[in-house]
Amino acid sequence: MTAQHEPNCAARATRNYPEEAWWVAGFSEEISGTPIRRMLLDHAVVLYRGASGRVVALEDRCVHRWAPLSMGRPAGDDIVCPYHGFRFGPDGQCVHVPTQRDIPGKAKVRAFEVRESAPFVWIWMGRGEPAEALPATIDWAEDPRWLTMGAALPVDCNYMLIQENVLDLTHFGYLHATTFQQPGWTAPPSEVRTDAGRVGYRQHFTGIRLAPFQAGPTGIGPDKDVERTDWGWFMSPAIHVAGIDIVDPSPGAGRRAAFSSRIVHATTPISPTRSHYWWFFAQDYALDDAQVARDVRAIVDATFEEDKRLLEVIQETISTDVRRDQAVEVSVKADQPGLKARLMLHKMLRPAAQALSSPDMQQPAAARSPRE
Amino acid sequence: MTAQHEPNCAARATRNYPEEAWWVAGFSEEISGTPIRRMLLDHAVVLYRGASGRVVALEDRCVHRWAPLSMGRPAGDDIVCPYHGFRFGPDGQCVHVPTQRDIPGKAKVRAFEVRESAPFVWIWMGRGEPAEALPATIDWAEDPRWLTMGAALPVDCNYMLIQENVLDLTHFGYLHATTFQQPGWTAPPSEVRTDAGRVGYRQHFTGIRLAPFQAGPTGIGPDKDVERTDWGWFMSPAIHVAGIDIVDPSPGAGRRAAFSSRIVHATTPISPTRSHYWWFFAQDYALDDAQVARDVRAIVDATFEEDKRLLEVIQETISTDVRRDQAVEVSVKADQPGLKARLMLHKMLRPAAQALSSPDMQQPAAARSPRE
Amino acid sequence: MTAQHEPNCAARATRNYPEEAWWVAGFSEEISGTPIRRMLLDHAVVLYRGASGRVVALEDRCVHRWAPLSMGRPAGDDIVCPYHGFRFGPDGQCVHVPTQRDIPGKAKVRAFEVRESAPFVWIWMGRGEPAEALPATIDWAEDPRWLTMGAALPVDCNYMLIQENVLDLTHFGYLHATTFQQPGWTAPPSEVRTDAGRVGYRQHFTGIRLAPFQAGPTGIGPDKDVERTDWGWFMSPAIHVAGIDIVDPSPGAGRRAAFSSRIVHATTPISPTRSHYWWFFAQDYALDDAQVARDVRAIVDATFEEDKRLLEVIQETISTDVRRDQAVEVSVKADQPGLKARLMLHKMLRPAAQALSSPDMQQPAAARSPRE
Ligand code: FES
Ligand code: FES
Ligand code: FES
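Residue numbers (our numbering), protein chains in the order written: chain A, 1 to 372; chain B, 1 to 372; chain C, 1 to 372.
What the hints contain is simulated information worked out from the structure, not anything from laboratory work. It is possible that part of the hints are untrue.
Identical copies go unnamed one by one, so any copy, or any two together, can satisfy a pair.
[To be verified] Below, a list of computed lysine-lysine pairs in the DSSO-like style, where the Cα atoms sit at most 30 Å apart:
id, residue 1, residue 2
1, K347, K308
2, K224, K106
3, K106, K308
4, K224, K308
5, K106, K333
6, K108, K224
7, K224, K347
Can you build the whole structure from these sequences, using the hints too?
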């Protein structure tokens, strides 16, 4: 297996991302009638919501003299270049040149296929036919039975450093020891599965206490032994969906026994060493308590800040490394999910991308625990 | 023609500037007895005015241990190195070494030929004999019949993005729609000429209203139809001279009918992706109205700021582009002046620079309208 | 000789530093129980003082997933990785993996040999056996008969620009004319010696006045002619030790005649164009006068700031130079010490580094004047 997956951290300064794939372009709510310029997989893209409500994604480079369309103004579902006023439709076709009647045949910018699926806008950056299914659909994103929150966090590191971060939760006991305070991850995950181009892990804990951000909001408190199941799925290089399921073995009479939270980690490369990181969290308890929402948010923010700070120094170490070919990386059992994800990525990056076009990669994949 | 000129925007991140040419080094008034360091065509140059009043331009790199002479002090027309005190004459020859009597034969820094021609100091960066004539002389620069103003504006883009910007004024209707508010540029220029290595355009407008920055100061007001002629000359890659000539077809009795303004755009590469941009504006009306001067200045500043912001994003797009060979650029009729300028540049950049040494390139060329 | 030493300033943007050598890692007092990350010769190194008091220097890159150990916490003389908690001993061996009992055989980070010798911590970055002797021992660093002071000054230039700076004191009359005000350096040093891989110079001045920072503190005053001897040794590319010895030829009855000061210039490359610069100054007079200490410190700080500003512009000139092979550098007699130091360096940088392993390079070398 070693020979097949990416050899080591040194690959984290390369364009190790497939173009023929769905990537998150942003939260739906970020895209409005005011165009924004966003670097996605090294390409400048303009994103805006046309008058009809549809999201349009075009190369942010006018075919005339390369002006950023994002500095122009939308007109209906079209957009007008800020420089000399060429107008482009949502399909990228130039539909108007102010200074002449005929429109040159090649006057077209690339249009990227997009798909909205709450809470995200997805984009297909490749030249091939977009895959039918998105890597993940977030069923609970707009479900009133869940309290949700999310944010965008630019991180100056290769996106796979983030994906590998969330595939090895044994880092909770160290990096997030004082913030997340989630106990139990002192052993590799007991279950690791690969399925239809995805990698999942699952770990069950019994007789365990809850972290502060769960103890209060669930009403279970910090001193009671409960059951907890942590699970996560690397759905594609673009997105990881994870969950925590808590069961109180002896709830008081008439009291609730099961509680769940979910988190989505969406990563989109800006360049080999910079990434968009969009996270989206949900819990099915304490839905109406604004103070709980603020407390949870504060803890999640602090935790991600710890990840960001660490990963950016790792990237600096990788980027300034002068001994690429001597670079050693040693793995342990807890790295199984991460190593399997590297293998998936390696297959996707192969010429002809045969892995990508294999049917099982394309099946709809709602996030669920490996056991479900 | 396509094969001959620079293929597309991708060339805007290369050293696309001839050394065997006159370039603007700055405004005369910038050069004083206090030496300044200025990057010109990738070379550090020290500029100062010697005691005799002459402008001296030397390589800003002492031949001894490469200290910047610009941190030293002038002595007469010489300059003394700030590090170990070697003294250099205006011809670059070392004339004194503090610690020994004999001066090593090779102790010489490059001296660049300069020429003052209001409002600029010009510099010849090449190794060959400087051309006799400057690309342009600005007759009206010190003429009291003109109200003048100018400024230096560093722009983080290739200098040709600026030159092409001013060769296609159809951008007025879009980029400067709310600032300059100059109407009429809704068609390509009716006249495009090449002449002695220069490219000129000319456009005549009849029955047109004046922009606010002209309506008030000319006294014509915003509601009267006038005649307007816009013209411009790409005199060399270093400088563009343009003008606007207004004629009021029915001035009141004893009132003036003709009004003119001029603008010079001087561009000097700092590096492939950074440029000095010196503009110099003049009008032959409202000469003594300080408020008019302030108002015009504010509008011109705002307009250039719009250019700068846009061009810097275009340069970012060019510089980060990962598809150099697939980079498409589509031209229209309004691009004729710009395309012809590219062709001129292409000839100048050819090995042996035969275009440069051709006699007609060297003829004095005061700025005038193509029709004059 | 010319052909053998580094050709010119252009080498000052390359990795012109031997790894098989002792370099200063910092002042002893900088290294505490709180780990620090420091870039040394392009390598990220974590430095900390273990519970036993010993200084530990490890590659600042966990062998697992490259996290910076400097963000972790020391435990005894060991350090625990901030990411997943691997624990490493001072020899770099992984001694604990939290999630499994067995430790992979290759789980080891590089440990660098260090040696404390006041006021510095030295580090050996090479793969070979460390040389027995340090390039210099500073006998007087903790001697109560000397008033000492020192500081770290990061300079954005190649370290050899600093070393050459202090090998040619004729720059005092120009760069530090208004700060250090040390007169006399108007000729090349009369004595230049190479000895056991080191380069020394010595210059004697008679009938000379003292600089302000000496005149007051010695009690001699600014108006008396004294004897002064300046000397310096390039002990290795890492360190230069210099001194000034003053003799009052006619001290008053019962008054002291001899006064000395010393300065150490330690340079350690961060990268080809950035350096750590640690200076350490001492004088054997005015030991108990706090105001003198402050005044001398202010003058030394101002002087180094002048060096830093100048050297950083020189580096910019080198780094942006587009004519590498045409780069001229002219030397004079005052450059003999610097040129000999280049020759030493050139020998050290040769493959097999035979110069380095020659016995005379390895002899203990306390700093002393060439004549002692
Ligand atoms: S650059 Fe877009 S219309 Fe000219
Ligand atoms: S660098 Fe100019 S005199 Fe030494
Ligand atoms: S990176 Fe150090 S323990 Fe994982």
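Index of numbered hints that the structure contradicts, given in increasing order: 2, 4, 6, 7
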